[in-house]
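Since chain A is already given, all that's left is putting chain B on it; use the hints.
Protein sequence lines, in the order shown, are assigned to chains A and B. The first sequence begins at 852 in my numbering and counts up by one. The second sequence begins at 27 in my numbering and counts up by one.
Heads up, none of these hints are tricks.
Cross-link-like lysine-lysine pairs, in silico, BS3-like; alpha carbons within 25 Å at most:
#, chain 1, residue 1, chain 2, residue 2
1, B, K202, B, K229
2, A, K1177, B, K141
3, A, K1176, B, K141
4, B, K110, B, K188
5, B, K147, A, K1175
6, B, K141, A, K1175
Stretch-level coverage of chain A by chain B, calculated; a stretch enters the list once three of its residues show a Cβ under 8 Å from a Cβ in chain B:
#, region
7, 1166–1173
8, 1245–1258
Label-pair ranges, simulated between beta-carbon atoms:
#, chain 1, residue 1, chain 2, residue 2, range
9, B, N41, A, A870, 44 to 50 Å
10, B, N163, A, L877, 32 to 38 Å
11, B, K146, A, T863, 20 to 26 Å
12, B, S201, A, I854, 44 to 50 Å
13, A, A870, B, V45, 47 to 53 Å
14, B, G160, A, S1222, 54 to 60 Å
15, B, E209, A, T863, 29 to 35 Å
16, B, E217, A, L853, 29 to 35 Å
Rather than coming from a laboratory, the hints here were simulated on the basis of the structure. Here a beta-carbon is modelled for each residue, glycine too, at the ideal position from N, C-alpha and C.
Here are the chains, one letter per residue:
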Amino acid sequence: MLITDLFQETYTALLANKARSGLTILGIVIGIGSVIAMVSVGQGASGSIQSSIQSIGSNLVMIMPGAQRGVGMQVSSGRGSAQTLTQADADAVQKEISLVKAVTPELSGRYQITAKGKNTNTSVLGTNAAYPEVRNVQIDTGSFISDQNVRSMSKVAVIGPTARDDLFGENANPIGQIIRIKKIDFKVIGITKEKGGSGFSNQDDMIFIPLSTAQRFLAGSDYVSTISVQAIDQDSMTALQEQITSLLLSRHNISNPQLADFNIMNQADIVASASSITDTLTILLASIAGISLIVGGIGIMNMMLTTVTERTREIGLRKAIGAKKKDISRQFLAEAVMLTFLGGAFGIVLGWLISVLVSRFAGLTTTVSFSAIILAFGVSAAIGIIFGYYPARRAAGLNPIEALRYE
Amino acid sequence: MIECRNISKIYKTGNVETVALKNVSLKISQGEFVAIIGPSGSGKSTLMHILGCLDTPTNGEYFFDSQDVSKLSDDELAEIRKNKIGFVFQMFNLLPRATVLRNVMLPLIYAGVPKQDREKKAIKALKDSAFPEGFWNHLSNQLSGGMMQRVALARALVNDPKVIFADEPTGNLDSKSGEVVLETFEKLYKEQGRTIILVTHEKYIAERAKRIISFKDGEIIEDLTNHRSKTVQEIKE
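Next comes chain A alone, as it looks inside the complex (with noise of 0.2 Å):
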């Protein structure tokens, strides 16, 4: 029997029963449909997080002061209140350790800021001329602060578009003008560009000085209370990170790391994270779309069950003139496969279109991906042969004497 034969055959007898064939194949579309667009939806979701993760800045290690603990001393204030990392650690990181291409200290606090009879409460945030830079931001108009501004403790600040919002007004240009942090005036020289929320803080409704100002006339001492590191790539992450805590170690003389004074954060560690989060949110969907899946393929099953009980007499005849096992069988899988084939392409398009629908109005970018094309056309021909083998073989195993005689 030639393929073509074989193929001729089996488009004849799928329709033969058009609307049969057509609802089986609709069970298929469906499960392949939402398996792609399950999955399309997931890399979406999961593309979103990285890339809001990726907007706090690249390549980036933070460190944190660690708890305060006196000596001797039991109870613990916290991770984060210590007041342990200063300028000169933030200067080291940078001298010494050659896989660092910037480092920026950040002294943050929270103040309520007044401008014209109007006022906030926001973060302030100390830092230097290298932040835009490390954190990735952006200056939307003037400019940010300069070496120049932090050496000579200017009174400058450059504020986020939240924060410009609701002090001056949506998109009011307040360059050159006052506001009040903790009854000091600064004038705002810059307005950074809108990032939009990146899940840990809302970047937008941000204040920013220079750290020197803020350290003289906000905080009171010489503390920070991060220092951003930006590594020369995303492969020395781990090695600048070890490189860091033996620097920092042996400056704050501590011998035992169980006991330092500082966390050191990885980029890296919380895309790992969010990573595998999402992984897991892709698989609960698509082993959701796996089940209808499987129910489509237990239609096809019945149907090829009905199929092989409906032409009995004609399997007898063709078995009478010589046809041989694996050429009836083949005939049924073949139309099993057929139909799960045809389903798979359908599918295809359906998933697409629900993730084109997903990233219009649900505002998520999703990716159909060539994998999960791929994926998807296997799974359907490998569901046709696995629900279309029984059938198959219970119509190749019928004995031809009793085949043509039944009624």
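Here is chain B on its own, set in the frame of chain A:
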């Protein structure tokens, strides 16, 4: 051509054994037109199934075309049916949604005949079975019973078999279409020297053959050769 030695067939249903054939021995040579006759339950259909390589005997030996086929597997039997045997059934058993030509070409698909040769062979077989040319592309379920049986006959002939088995070929036909089918068998026997084995329970149909083997209770009770062949007209008188 066909030789059986002491073949028997026993069916088992639970603990009950039904003997369908008891030690049957017979020989049929090439070019014979044989009728196997007997009442229902006499074992004639069982014998036809064994002779037609659709089934194997429980005991005994069966040689088809000098080959022992009594112990062959299902697929080996299918191979013999494909190349050497043609069947005509009482119920025609055509593919209803296929055209006449496609029905006739069906055995050629399994026999691996190249596509370009199939139609030529099918047309020859249709002409041999006296099927009218204008209906070649009709769907088979649009035909009358007599026409359907001639399609079935053409299908049996298409691969040039050594033996044609016909199981009650006129059983579902009116006497007029039945007569056309029987005449076609006679013509194939006389003009082409085909070996034909016809199973029936009607005496007047059996008498169209040159040799009549009568069956009763699984045994041959009579084997008549070269009896005088009567026409339908004579029987009616």
